[in-house]
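Novice: Take a look at the letters that make up each chain.
2 protein chains.
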Amino acid sequence: MKLDEYLKTVAAKVDMEADEYSKAVDSTLQKAASHLLVSGGKRLRPALVLLSAESIRSGASEDIFQAALALEWTHTFTLVHDDIMDGDSLRRGRPTVHVVWNEATAILAGDVLYANAFEYLCRVKNATSESKVIAVQMLAHSCHELCEGQQEDVSFETRSDVTLEEYLSMVRKKTGVLYAAAAGIGAALAGGDVKQISALYTLGLNTGIAFQIQDDIIDLLAPSEVSGKDQASDLRENKQSVLAILARDGGIDLSAYHKPDLSKEEIADAISLLETSGVLDKARGMAEKLINDSKAGLSVLPDSEAKTLIMEMADFFIARRY
Amino acid sequence: MKLDEYLKTVAAKVDMEADEYSKAVDSTLQKAASHLLVSGGKRLRPALVLLSAESIRSGASEDIFQAALALEWTHTFTLVHDDIMDGDSLRRGRPTVHVVWNEATAILAGDVLYANAFEYLCRVKNATSESKVIAVQMLAHSCHELCEGQQEDVSFETRSDVTLEEYLSMVRKKTGVLYAAAAGIGAALAGGDVKQISALYTLGLNTGIAFQIQDDIIDLLAPSEVSGKDQASDLRENKQSVLAILARDGGIDLSAYHKPDLSKEEIADAISLLETSGVLDKARGMAEKLINDSKAGLSVLPDSEAKTLIMEMADFFIARRY
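Sequence lines, in order, name chains U and V. Here the numbering used here is used: position 77 in the first sequence is 77, and no number is missing along the way. With the second sequence counted from 1, adding 1000 to any position gets you the numbering used here.
It cannot be assumed that every hint is accurate.
[Said to hold, decoys possible] Only part of the chain U face toward chain V is listed, based on derived beta-carbon distances under 8 angstroms: (1) Leu29; (2) Met85; (3) Leu108; (4) Ala115; (5) Glu119; (6) Cys122; (7) Glu130; (8) Val136; (9) His141; (10) His144; (11) Gln151; (12) Glu275; (13) Ser277.
[Said to hold, decoys possible] FRET-style restraints, in silico, Cβ to Cβ: (14) U/Val300 with V/Val1025: 52 to 62 angstroms; (15) U/Asp193 with V/Glu1157: 47 to 57 angstroms; (16) U/Asn126 with V/Asp1193: 21 to 31 angstroms; (17) U/Glu266 with V/Met1016: 55 to 65 angstroms.
These are computed hints drawn from the structure, not numbers from a lab. Quick caveat, the model's predicted, so the values are computed rather than measured. Backbone N, C-alpha and C define an ideal beta-carbon position, used for all residues, glycine too.
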């Protein structure tokens, strides 16, 4: 199966479960909790849980499907709470939960999704209790780190001197650890040994960091027509993206571009400056190294279609253009 | 050991752990997360976890101490989030987390405590993985119900026709299920059988509901000098307390008392009205029945000092005057 077909199949299954969840109970809170869940999304974390399980034991992804949902529910919980904190009113083309209802309901909606995630992990079939405890530990640890990462991200907004080390630490927590948990949980529940679980956990961690670096690159390069977002918003807002940090470290002054309205020409100038100075290549190189190291680490796994798909997925994380 | 001595010992241990937690990591988020934890509190849920474990197996409370912390951390998480939702600026005599820092930090602080709770459950010593999975399920289920309960409580604020059934359902979720989880988790981790776990879970559930009924009674009866809170605040605000609901059901009109300023005489009048009409006795009777049924259910446990202390604790829940 091709990666894009696989991802579509997983997304369709998760969409269906989200849809059922939204209809299961007639309470305001459940409606609010399912609002963002049923708004689509790439469902990459569930796909990684399932592929990871399948790479350990053929057929395991059926058994541990509830764990895939646990990861998507967790991701959604963080988005619902992040939207409150960031005051964002739109997400996936729909008004955010705190806008449709109110902040109190949005806080609780996130909290319910959070609880559901742990309930789902315990419901996995054909997995040992030992592996479930490992899964719970990984998810809880990730949530803990995610909160730290979000806190750091918010604190970066009022700074213009964030170091590369600080950036990578924040991204590891905010994006890396949940991908790490996705891969690690899939491996653990499918009965992987310590080496296999560790290799997949590390792959999730590193590909998650690479994913965020690629996001920063896309923000600058992708025209609005392609991405559906404002082009170069990080640059306009002087956000401490990997590009901003590498540029500063290289003595490149981007301050002329820190203004709300940038013309197409100005954006092209900035891109050209970051290309010729090697900043963009440096960022691309960082992401590539993370992906290549992750893939190399999978040598502890037997060859399988699932393993191939995981490696393709890692490549896709940095190949995507929007 | 006497109950009050036991509770003091547990509270001192939990206080010490909270203190260590607050010093463990130097991050804004950890400081915010520990702010309310180190502000004291009765630590009744940890005590119930430990007594419950001890009633199953002598010495078990030492092994599963981390589970006691998990329950206190969970309780604290709900308070931090509730304070944001209710816009409360003081708790245990200190400014609330969102007041000291800001809402974003308070949301994250609650989320971190929530994650910690699940991490702590997995760290318990000398317990089977099976029992840890049961403990995680109970905690996650409680958190889910707690959110529903809080949502219902908030929705009651704009209503004056809440039924006794709706009230009891809300109180079961908002207060009962976490006490139920405390007792059930202690029993499960200590190796209790299904009957024992179930009896202790039910005891926690019912005593939690009785606790809230007693809280409603205290709100009316306890003079500010004793409770440190405004006397009869529920009555002033026409809150749908058990007394308000039983009074309405009995055709008793309390509307003259729904005003911000009530004199001592007016409060005394209202108390007298609710005493002579039997409303207060009815509420007391409900709480007593819940406690007595719970205690009777403990016949599946062997006699022990811990079992006696649990029964005394249940009695204390409705004997307390503030």
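Novice: Look at each hint and say if it fits the structure.
Specialist: Quick rundown of the hints versus the structure:
Hint on U/Leu29 holds. Least Cβ distance to chain V is approximately 4 angstroms, under the 8 angstroms limit. Given hint, U/Met85 at the interface with chain V, holds; its Cβ is 4 angstroms from that chain's nearest Cβ, closer than 8 angstroms. Interface restraint check for U/Leu108: the shortest CB-CB distance to chain V comes to about 5 angstroms, inside 8 angstroms, so the restraint holds. Given hint, U/Ala115 at the interface with chain V, holds; its Cβ is 4 angstroms from that chain's nearest Cβ, closer than 8 angstroms.
Here the hint on U/Glu119 is kept, as its CB sits about 4 angstroms from the closest CB of chain V, short of 8 angstroms. Taken as an interface hint, U/Cys122 checks out: its beta carbon lies about 5 angstroms from the nearest beta carbon of chain V, inside 8 angstroms. Given the 8 angstroms rule on beta carbons, the hint for U/Glu130 holds: about 5 angstroms separates it from the nearest Cβ of chain V. About 5 angstroms separates the beta-carbon of U/Val136 from the nearest beta-carbon of chain V, less than 8 angstroms, and the hint is met.
Here the hint on U/His141 is kept, as its CB sits about 6 angstroms from the closest CB of chain V, short of 8 angstroms. Contact between U/His144 and chain V, as hinted, is supported at the beta carbon level, the nearest pair being about 4 angstroms apart and thus within 8 angstroms. With 8 angstroms as the threshold, the beta carbon of U/Gln151 comes within range of chain V, its nearest partner Cβ sitting at about 4 angstroms, so the hint holds. For U/Glu275, the interface hint is violated, since its Cβ never comes within 8 angstroms of a Cβ in chain V; the closest pair sits about 36 angstroms apart.
Of the supplied interface hints, the one on U/Ser277 is violated, with its beta-carbon coming no nearer than about 34 angstroms to a beta-carbon of chain V, more than 8 angstroms. Between U/Val300 and V/Val1025 the C-beta distance comes to about 33 angstroms, which lies outside the given range of 52 to 62 angstroms. Against the hinted window of 47 to 57 angstroms, the Cβ-Cβ separation of U/Asp193 and V/Glu1157 comes to about 54 angstroms, which satisfies the hint. For U/Asn126 and V/Asp1193, the hinted distance range of 21 to 31 angstroms is satisfied, since their beta carbons lie about 25 angstroms from each other.
Between U/Glu266 and V/Met1016, the C-beta spacing of about 59 angstroms keeps the proposed range 55 to 65 angstroms intact.
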